Amino acid sequence: MASNKITKRDLDEMAVRSMAEQCCFSFERMQAVGFCYGMTKCFRKIHGDNNEEMAAAMQNNLDFINTEPHMAAILQGLIVSMEEAGQDRSLIHSLKTGLFGPLAGLGDAIWWYTAMPIIASICCSLASQNSVLGPIFYILFWAITAILSRIWFVRMGYNAGVKSIQFIGDNAAALTKAAGILGVMVVGGLIPSYVSFAFPETLVISSVSVQGIFDSILPNILPLGFVFLLYWLFKKKNVNTMKLILLVIALSVALSFFGIM
Amino acid sequence: MQITLVQGLLIALVVFICALDKHMETFMWFRPLVVAFFTGLILGDVRLGLQAGAIAELSYLGLLTVGGTVPPDPLFAGLMTTVLAHTTGCDVSTALGLAVPFALIGQWIGTATNTFYAGFLPKVDRDAAAGNEKGLAQTMYFGWLLYSAAFALAAFLSVYALQNSIASFVAAFPVWLVHGFEVAGGLMPAVGLALLLVVMLKKENVAYLLAGFVIMIITNCQNILPVAIIAGCIAFIGFNRDVEMNKAAAAAPAVQEGDFEDGI
Numbered sequence: 000m001a002s003n004k005i006t007k008r009d010l011d012e013m014a015v016r017s018m019a020e021q022c023c024f025s026f027e028r029m030q031a032v033g034f035c036y037g038m039t040k041c042f043r044k045i046h047g048d049n050n051e052e053m054a055a056a057m058q059n060n061l062d063f064i065n066t067e068p069h070m071a072a073i074l075q076g077l078i079v080s081m082e083e084a085g086q087d088r089s090l091i092h093s094l095k096t097g098l099f100g101p102l103a104g105l106g107d108a109i110w111w112y113t114a115m116p117i118i119a120s121i122c123c124s125l126a127s128q129n130s131v132l133g134p135i136f137y138i139l140f141w142a143i144t145a146i147l148s149r150i151w152f153v154r155m156g157y158n159a160g161v162k163s164i165q166f167i168g169d170n171a172a173a174l175t176k177a178a179g180i181l182g183v184m185v186v187g188g189l190i191p192s193y194v195s196f197a198f199p200e201t202l203v204i205s206s207v208s209v210q211g212i213f214d215s216i217l218p219n220i221l222p223l224g225f226v227f228l229l230y231w232l233f234k235k236k237n238v239n240t241m242k243l244i245l246l247v248i249a250l251s252v253a254l255s256f257f258g259i260m
Numbered sequence: 000m001q002i003t004l005v006q007g008l009l010i011a012l013v014v015f016i017c018a019l020d021k022h023m024e025t026f027m028w029f030r031p032l033v034v035a036f037f038t039g040l041i042l043g044d045v046r047l048g049l050q051a052g053a054i055a056e057l058s059y060l061g062l063l064t065v066g067g068t069v070p071p072d073p074l075f076a077g078l079m080t081t082v083l084a085h086t087t088g089c090d091v092s093t094a095l096g097l098a099v100p101f102a103l104i105g106q107w108i109g110t111a112t113n114t115f116y117a118g119f120l121p122k123v124d125r126d127a128a129a130g131n132e133k134g135l136a137q138t139m140y141f142g143w144l145l146y147s148a149a150f151a152l153a154a155f156l157s158v159y160a161l162q163n164s165i166a167s168f169v170a171a172f173p174v175w176l177v178h179g180f181e182v183a184g185g186l187m188p189a190v191g192l193a194l195l196l197v198v199m200l201k202k203e204n205v206a207y208l209l210a211g212f213v214i215m216i217i218t219n220c221q222n223i224l225p226v227a228i229i230a231g232c233i234a235f236i237g238f239n240r241d242v243e244m245n246k247a248a249a250a251a252p253a254v255q256e257g258d259f260e261d262g263i
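So the protein sequences, as listed, match chains A and B. Numbering follows numbering that gives the first Met the number 0, in which position 41 of the first sequence is assigned residue number 40; successive positions increment by one, without gaps. Numbering follows numbering that gives the first Met the number 0, in which position 12 of the second sequence is assigned residue number 11; successive positions increment by one, without gaps.
It is worth saying that the hints were derived from the structure and are not from the lab. Just so you know, nobody snuck in bad clues.
Straight-line alpha carbon distances no greater than 30 Å define the calculated DSS-like cross-link-like pairs of lysine-lysine that follow: (1) K246(B) x K162(A); (2) K201(B) x K176(A); (3) K201(B) x K246(B); (4) K176(A) x K246(B); (5) K7(A) x K133(B); (6) K242(A) x K201(B).
Pulled a few chain B residues facing chain A out of the computed Cβ check, cut under 8 Å: (7) H22; (8) E24; (9) V45; (10) T114; (11) G130; (12) L135; (13) W175; (14) A183; (15) L196; (16) L200; (17) Q221; (18) L224; (19) G237; (20) F238; (21) V242.
None of these values were measured; they are calculated from a predicted model. Note that beta-carbon positions come from the ideal geometry of N, C-alpha and C, so glycine has one too.
Construct the entire structure; sequences and hints are all you get.
This is the structure in structure tokens:
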């Protein structure tokens, strides 16, 4: 353990806090609040009374993240180990952004598409035979896996970070660049899967489907364009996020009202 | 059979607890099998709870939260399948169908909080900028409790006070308004991604963003892993090249440094 500030106990406590990873979910940044909450106790332990560092660590972990709740523990362990070792925050940020999507895919496959159907079908067949063992076994299975997987995942992430400290330190610049590539490319892939912006089939102008025109240029060009529009508004016009969100909601309801979307 | 006030309140309590879990998706107490079991216990008909839970659980198995979408609510499906079978005396598969409007109410609560909780983020950002982890935790707990309280209230009204009026309310609710919030749910992740890009995007990285976007489209796959693997390969190649160049630069005599730079 690098600076010996984070103990096994801290990691186990973080595993428990990690259960709240999805709390305060919002469409704008999804799991950001709960994800950051899980790590704040460790951040405080690392940075002590240094509020500036504490603030920087928190702010570094408050933007868009959406991963599978079990798997978030791996990321939290990794981030805490890197934070403890004083690694460059932009490297931490890029790694987080590059990894949350793939981890979500992996986690969904393991927990929601494999474990859930198997356990549910076993327990449902028990329940339909009027056995209370159905729900009881279901509750127990998920309670045990919820706790054990997180304890294990937090340690896994933390140890991975600790083991690679020397390596990261030696190659920080090259790694930051590589992680930046990974992160940005994954965000590019997230745009068509998370942002849906399409006109209905029924919307036609002189018997040509409006969405068809856009699709013939480039599928999902509207979500891409919309993200860049917002990027431009934030970056160049410094538009307030809240105003923009209210505008998006108003626009959506209006589009829906007039049957355009 | 009628639901008594005490039963209604107990159900609201159970829903509150299950909704706490639903917000986290941790212990799966929000799944129909569990909710219906508890509801059956409260109604004094465990057998009904088991039957309703089994059928609702299997029907709502495919409806998982993928990405930021909010599917019809499994918690309300488990609850109302049991309650409606109990009050109307119909069989559980009929009750499952009758429970759909109530599952939509749960879905709307989820969509509404997902939308409105974006309004908490400025406060969260302020707390983070001040290094105030307690403030962040308070906001999180507030959002968590508010969500569960909304579920408990809706459940109480659905099972005890306004069962019939709620079903007709759902039927009469303007479709365009509900759909409008769905559209907003599809557009709002763009805000988060744009904010992410404000931090991450550099001129030399734009090409990778576009490449990732196009790969995702042409593979037509909802899983990000293929893009991430390609991105990882590209990053790895670049990393190795950088490390080798650094080594070469370190190995080369320091005198030549100037020449080296001029040469490029």
